[in-house]
Amino acid sequence: MAEITYLEAIREGLDEEMARDPNVFLLGEDIGAYGGAFKVTDGLMAKYGEARVIDSPISEIAIVGAAAGAAHMGMRPVVEMQFIDFIANAYDMLTNYVATARYRAFLPTPMVVRGPSGGYVRGGPFHSQNPEAGFIHTPGLKVVYPATAEDAKGLMKAAIRDDDCVLFFEHKYLYRRVKGVMPAGDHVVPIGKARLAREGRHLSIITYAAALHKSLEAAERLAKDDGLEVEVLDLRSLAPLDDEAIFHTVRKTNRVLIVHEDTRTGGIAGEITARINESCFAYLDAPVLRVTAHDIPLPYAPALEDFVLPQTDDIVLAARRLAAW
Amino acid sequence: MPPKTARPAAAAGSAQHLGDALPIERKLELYYWMRLTRSLEERLVALYRQTKVVGGLFRSLGQEADAVGSCFALESRDVMSPLIRNMGAMLVKGATPVEILKQYMAKGDSPTRGRELNIHFGDIGEAGKTRGFLGQISPLGDMVPVMAGVTMTFKMRGEDRVGLVYVGDGATSTGAFHEGINFAAVQRLPLVVVIENNGYAYSTPTSKQTAAEQFVDKAIGYGVRGEQCDGNDVLAVYDCTKRAVDRARAGEGVQLLEFMTYRRKGHAEHDNQSYVPEGEIERWAAENDPLDRYVRVLRERERVSKATLDEIDARILSEIDAATDLAEASPFPQPLDALIGVYADPPAEQPLWYREGADVSSLGKERADGWGTYDASKGGPR
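Chains as they are written, first to last, in my numbering: chain R, 15 to 339; chain S, 743 to 1124.
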């Protein structure tokens, strides 16, 4: 089987689910005739028609709300945010309407909201964000953020089949840089399960999305230069979090570094640290450390963006400090 | 600027009087629903004063005609999404007094099992199996996009069903309203959007809500058909809505309606209406009460006897008494019920450690067997 990119893997996931289930349809801006700003949905309108790949006005509130209404009636809509930064426009609809629907009104709302996320691409303040933390904080939503092509496809299929709303963050830096060979058959990756990306015994890095690849680079360097065996856990799902996998690696290495591209204050690293503190305090040989973005709107100039975002060197430095504690 | 009534031209422009052609039994049904709405709210006021209604109470006094007359124009397979002052529309669509009482009283066997307040509950899905009303949420305007999605499924599946969504004058200022109606218009969805212009959004008069002369003018900008009518004339509301529903059903896309009415009570029961000019409420009560007006139509034009109306009033009161007894006897929810059903999977959340001992493993069921009072298999009350 040939290798395909992370982006093609997402498309393959969408395509297979649309073929499998006539209730699946796509809704978004420029996704049909044009195939999407990043071409994730390229070719799907030609294959499934205008009734199932719907080009919408620039109306994030309307498309998320309409997806919710359709989902109540038994459909399984997949909504694209042209850039995930624009999900802020639909924040009310997602957090007040969608997230509460099952609990307050027994309304099933099986839908996916997906979109290109993240930085390292010189996108500036409105084409680079990682807004996952605000949604993780909202009971009723699920959040996934894959780092590999295999997980991108498998989690997309799981998200579409899930009976609740799943926010599917796609890292645009990985779209064409990361490739993989898709497992044969109906490849579905369960939501809520982390993946051990690298085994080690000296310290653990807990991370996700593009930061996984920086963490793996750092682990490789630390192995070569310092003889450190670093374990790397790829969370994949941020809500629900895989506590079991997190606690397992903490108990194994007793030293934890959390790495994410999201800003620091209120980022998920704080939540993971608290959970480790509550459940694994006795296992820790050092305080849990974080490498994150600075609390700064993401700037455009390469020198500025590179400074604000976490880099491989930062991870290496933090890991050394942790190992020496 | 005082709240406006419908412009004579617009009201007179409605050529067909479909409501007049209704048989007298149907006309008496309209009276029944309007009177039930008013009397049930009066009962809720009594329960509120006894602190048995644990949250806020929202009245539709003076607006019963617009809620009842409009929903009366829908078929049972159609879907409607009400606003806080559309209890009358919900009753017409099959919501029962006991469900509403249990909701307000936060009972464990209320339609939302004590999770949501007042008339925030619904029952939608397949035609024939559900009554076809979708519960609102508090952020205004949000139900317009959601109902666009509901009606989009009618179009996708080729179902002969129409949606109707109510918004107030205030909600027209939201982004959700604008995006929702525009999206629905572009998609030519079978959706009727009703703007109830009752003069106030909480304390804000319409003049501070929009610079448009009338809300129905917005129809032009969205490229949809608009119509305005006297919201306190139940037959006019029925006429206007029926025409719009028929057009939507015939594939003519979104219809925008503006009902001119007046909110005689405050935003909620706590509101002292200090912002209302003196005499305004009294004037509407004396000159333009929808029930008084309709009673006159029934008595003078339709020659309905006073005894007939009295008999309906008495039946309503006994129905409300029975529903109140039932609601009062209902239990409050078990605290652990709070942990059930945020997600389909997992079916329940775990209690926090300092609430140890709570066992949620046995609680997997989302909707109690005794949910509401409506039995889909019987197509009627339990």
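No lab work stands behind these hints, which were simulated from the structure alone.
Hints should not be assumed to be uniformly reliable.
Facing chain S, according to a computed beta carbon distance under 7 Å, are these residues of chain R, among others [stated by the list, open to error]:
1) D69
2) S73
3) A76
4) G79
5) A80
6) A82
7) A84
8) Y105
9) D106
10) R118
11) P153
If you're wondering where the values come from, they're calculated on a predicted model, not measured in any experiment.
All C-beta atoms, glycine included, are put in the ideal place defined by N, C-alpha and C.
Against the structure, the hints come out as follows:
1. With 7 Å as the threshold, the beta carbon of D69 (chain R) stays out of range of chain S, its nearest partner Cβ sitting at about 10 Å, so the hint is violated.
2. Interface restraint check for S73 (chain R): the shortest CB-CB distance to chain S comes to about 4 Å, inside 7 Å, so the restraint holds.
3. For A76 (chain R), the interface hint holds, since its Cβ comes within 7 Å of a Cβ in chain S; the closest pair sits about 4 Å apart.
4. The criterion of a C-beta within 7 Å of any C-beta in chain S is met by G79 (chain R), whose closest approach is roughly 3 Å, and the hint holds.
5. Because the closest C-beta pair between A80 (chain R) and chain S is about 3 Å apart, less than 7 Å, the hint holds.
6. Because the closest C-beta pair between A82 (chain R) and chain S is about 5 Å apart, less than 7 Å, the hint holds.
7. Because the closest C-beta pair between A84 (chain R) and chain S is about 4 Å apart, less than 7 Å, the hint holds.
8. The closest approach between the C-beta of Y105 (chain R) and any C-beta of chain S is roughly 11 Å, which is over the 7 Å cut-off, so the hint fails.
9. Because the smallest distance between the Cβ of D106 (chain R) and any Cβ of chain S comes to about 5 Å, under 7 Å, the interface hint for this residue holds.
10. Checking R118 (chain R) against chain S: minimum C-beta separation of about 5 Å stays under 7 Å; hint holds.
11. Taken as an interface hint, P153 (chain R) checks out: its beta carbon lies about 5 Å from the nearest beta carbon of chain S, inside 7 Å.
When held up to the earlier numbered hints, the structure conflicts with 1 and 8 and fits the remainder.
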